[in-house]
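A.B. asks: If you want the building blocks of each chain, they are given just below.
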Amino acid sequence: MKKLTSTFLLTSILAVAANSVSADTLDSVKSKGYVQCGVSTGLPGFSNADASGNWKGLDVDVCRAVAAAALGDADKVKYTPLTAKERFTALQSGEIDILSRNTTWTLTRDGSLGLNFAGVNYYDGQGFMVSKDLGVKSALELDGAAVCIQAGTTTELNLADYFRENGMKYKSVTYDTSDATIKGFEAGRCDMLSSDQSQLYSLRIKLKNPEGAIVLPEVISKEPLGPVVRQGDDKWFNIVKWSLMAMVNAEELGINSGNVSSMKNSDNPSIGRFMTGQGEKLGVRDDWAYNITKQVGNYGESFERNVGMSSPLKISRGLNALWSKGGLQYAPPIR
Amino acid sequence: MTVTTETKKYELGHHPDMAPPLTTTGLIGWLRTNLFSSYMNSVLTIFVLYLLYLYIPPLIEWLFIDAIWSGGSREACEVDGAGACWAFINSRFSQFMYGFYPKDLLWRPNTAGLLLIALMVPLFLKSFNYKWVLGGFILIIYPFIAFYLIHGGSFGLETVETNKWGGLMLTLILSGVGIVASLPIGIVLALGRRSEMPIVKSLSVVYIEFWRGVPLITVLFMSSVMLPLFLPDGSDFDKLLRAMIGIIMFQSAYMAEVVRGGLQAIPKGQYEAASALGLSYWKSMGFIVLPQALKLVIPGIVNTFIALFKDTTLVLIIGLFDLLAIIQQANSDSAWLGFDTEGYVFAASVFWVFCFSMSRYSIALEAKLHTGHKR
Amino acid sequence: MSDHDSELKPSKPAIWNDPKYRALFFQIVLVLALGYFITTIVNNTLTNMESRGISTGFAFLSEPAGFGILQSLIEFDESHTYGRTFFVGLLNTMLVAGLGIFLATILGFIMGVARLSRNWVVAKVATFYIEIFRNIPLLLQIFFWYFAVLGALPSVRQSMSLGAGVEFNNRGLYLPAPVPENGFAIVGWLFLAGIIASILLARWANKRQESTGQQFPVFFSSLGMIFGLPLLVFFVMGSPLSWDYPMLKGFNFQGGISIIPELLALLLALTIYTGTFIAETVRAGINAVSHGQTEAAMALGLNRSKTMRLIIIPQAMRVIIPPLTSQYLNLAKNSSLATAVGYPDIVAVFMGTTLNQTGQAVEITMMTMGVYLTISLVISMFMNWFNKRMALVER
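Residue numbers (this note's numbering), protein chains in the order written: chain A, 1 to 335; chain B, 1001 to 1375; chain C, 2001 to 2395.
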């Protein structure tokens, strides 16, 4: 009976709430005043909470950029740490507005999970990390090895494919979180740790002795990582997509957080369009791209700060350099 | 009784008692009766003592004598022959207690905690006569005061979002709210299960058995990531609140069983007398049966609270930073890698102190309450 | 609900005070409200899933899974289906729950009796064990046994040899596996026959004792029939059994039976934690047997162990079984914490990896909850049956 009254209350409250909030994610974000962003439970460089609980990283910057575009303030983001297993359910159910959690873009996820990938903020590939003492030079020497991996990732699938393809056997030790995975590896539960290469570097600094482990040269898969939104809300999809694109375009146009104010009145028509005039087509403020660059920075800045040479991860740009510099980061023009 | 005519005569009068045999008193007697009463027992005693000798001294050395108590990073603890690294706990202590709660606002949760302790003290005083009133105040009014203190957002207090809550504070909040909110639901369910209305009865049974039959971890998963799927599109509420709803639904089923135990212990005469007086169902329950039953089940409620207190650690699996989760997170901080054991020992001792004292309290209460009802 | 109001309004006012009608009315309202609530939930879920393009249905169960599972009691590799991952997870859950119940019962009984021991040291050690481990969260204990103890174990290369081909290292416990050869089946059959014969013998001895009072050494003759005879035949036939010893090949031990550390840690934590509760249950049960029973047994000349076995325990069981059942249920449910250390139980495999690869949260969560409800039901039913049997024997 009490259960009923409480459920009654609950449903009636929610029914009222439901009437005032439409299916439009942008409207709901505007009305609640923040973007709910799904991130990892802790992966340095991509999304990691520091000692005082502030989230930082490449994936976090995407959320901040979206908040800057949609609300004009990059700080209006709330983070939901999710394990790999929970992430899609959380996005599907509407618990989060955007999932930015080093998530690989695949056909299944686009097609049957009811999700849309808004772009690629990091081109990655799956690799292996082994202890130096093992004396292994190539992944092909790893027949019969035990592998630590994280549950609910494409890693699990690629690994199975790779070992089957090469006629080798393996034992997968599957953990819930990346922290548990690296701890298992450190404790010697497995011979190697397999994950996206970027993650390997990021996890390696969580080892007591990072020099004791090496990342093998093999890259066994394509792992385009990017932000994800729910299907069926094109407006929100566009905002997320173009927030990411704006960061890449900014780098291409030579705009960064330092010079963006002074370049506001530039004569260059591309820069002019970047600064103003295109916002309403997306349904956001006119100075959306300016806000992103001012508050978050361009893609290059974000990369350097979080995973690049000025971070503990020391990952080179590689595939993630701009297309004009031999990489894959290529953004459609803002016009 | 005849005394033989021997020279050694038994003299009449008062004789001092003879000393008992040496082997039954003092240290030796105690040892004999308690440690070496038989061959088997002696072997057991010696074996156990040997084991203790083997493991206890190194443990104490590690825990206290060789332990490092202060330092800024893990270098401080990486000394030869160093024991436990309590410096790690020391440097993160405030985070373990309050999570990411802003440091300059810590007076707010502290005030809430002290207020609760201050309110609880009279409950333990024998001479205090308004225990029911005060208890009601703690159960009904106090949660709101605590919420406004900790969360803020009105009365000029700055809002602190729930995602900043954590550590022991969050553990206490989750278990406290879980118990307080599940008590009324549990009472209603227990009454429902004993009801004579078949539908009410069967629904209560289904509800109780369902929640008692599934693991808390699946309930938390459902409430934390799937709940929005069941609700109208766009409805959204706080993650902590959702976890709490899951915990409350789960806990109320257990609470219902505890209360039912109390209801069953009330003699049937009490029910009959109440209805003979012409009291309605709710009146007879509210004035006659429940006050007696609830008093009986207070130890049971405390035990449920202990179980819930330990179970709240499961929220780490859904990404809330309770005491255990925040310790784990600190363990993966590169400044303090490799002190998992210290972290776990610390968490264990905090949980232990709480649970053990509550269980002692529960036992004492049971003994006190049992006086009139011993069968 | 409003149409029910109008339905009842015109009737006589007395009907309001008739408890029968009141109950009926109340229950109808309850059913309607509940029905409304459930339909709303179902509707919401369906609408939400459709509008977000989430696949529904159970077709995914027959698709290939494409990932490996660490431990499987049935044959499983990447090419098997998602449906099979369900059974792999289920069996792993049942394995850990079954072993856990078995071990926790033994530990709990020993510790419960030990706490009442007249030996001061033993009683104190048991008390310490109970009070320490009962008050520490299970999840914490699982983490401790897994991460803190796993780190302290030797690596594969420096594996600890426990003799007789048993190896122990941070990849698990490796035991030699028996490989039966020709003729071993006979030994097996003899063993089975020995068990059946012992049961029959025990019944006969019981009957004889009841009617004549004569006792028969059932224990030793059963021992002989179950183990002695098969062993004799085994050696006469020239030991038709060889052992497959675990050998270090490449990175890991191959061959033999391996018990993964995840299972060991989980089992250890579940056993130690639940053991404390069972010990307390046992103690309470023994204390509930009145002291007069012990004195009477002593007066009859029974020694302490016989008193315990024949007089105290059978009576205590009546008190012990109901709380013991709920401890078993708790243990079965707590085995879902496996996911925290990567033991592939149903929550980790099916509600974890499979859910994540297919995205069908509603179906998978329902199936998982169904499994736990069924397990709970089966345990309750078995224990109720056992309880009834014990009660009958006792009267």
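Everything labelled a hint here was simulated from the structure, so no lab data went into it. These numbers were taken from a predicted model, which means no experiment stands behind them. Take these hints with a grain of salt, some might be off.
Said to hold, decoys possible - Derived pair list, reagent style PhoX-like, types lysine-lysine, alpha-carbon separation capped at 25 angstroms:
| no. | chain 1 | residue 1 | chain 2 | residue 2 |
| --- | --- | --- | --- | --- |
| 1 | C | LYS2249 | A | LYS169 |
| 2 | A | LYS76 | A | LYS281 |
| 3 | B | LYS1268 | C | LYS2020 |
| 4 | A | LYS78 | B | LYS1103 |
| 5 | C | LYS2388 | C | LYS2207 |
| 6 | A | LYS32 | B | LYS1295 |
| 7 | B | LYS1164 | A | LYS78 |
| 8 | B | LYS1164 | B | LYS1201 |
| 9 | A | LYS264 | A | LYS294 |
| 10 | A | LYS132 | C | LYS2249 |
| 11 | A | LYS222 | A | LYS171 |
| 12 | A | LYS76 | B | LYS1164 |
| 13 | A | LYS76 | A | LYS132 |
| 14 | B | LYS1295 | B | LYS1201 |
| 15 | C | LYS2388 | C | LYS2306 |
| 16 | A | LYS137 | C | LYS2249 |
| 17 | A | LYS208 | A | LYS137 |
| 18 | A | LYS56 | A | LYS30 |
| 19 | C | LYS2020 | B | LYS1201 |
| 20 | B | LYS1131 | A | LYS56 |
| 21 | B | LYS1283 | B | LYS1164 |
| 22 | B | LYS1164 | A | LYS30 |
| 23 | A | LYS264 | A | LYS281 |
| 24 | B | LYS1283 | C | LYS2020 |
| 25 | C | LYS2207 | A | LYS171 |
| 26 | A | LYS235 | A | LYS78 |
| 27 | B | LYS1103 | A | LYS76 |
| 28 | A | LYS56 | B | LYS1268 |
| 29 | C | LYS2306 | C | LYS2207 |
| 30 | B | LYS1164 | B | LYS1103 |
A.B. asks: Output the numbers, in ascending order, of every earlier hint that fails for this structure.
C.D. replies: Hints 6, 8, 13, 20, 21, 25 and 28 not satisfied by this model.
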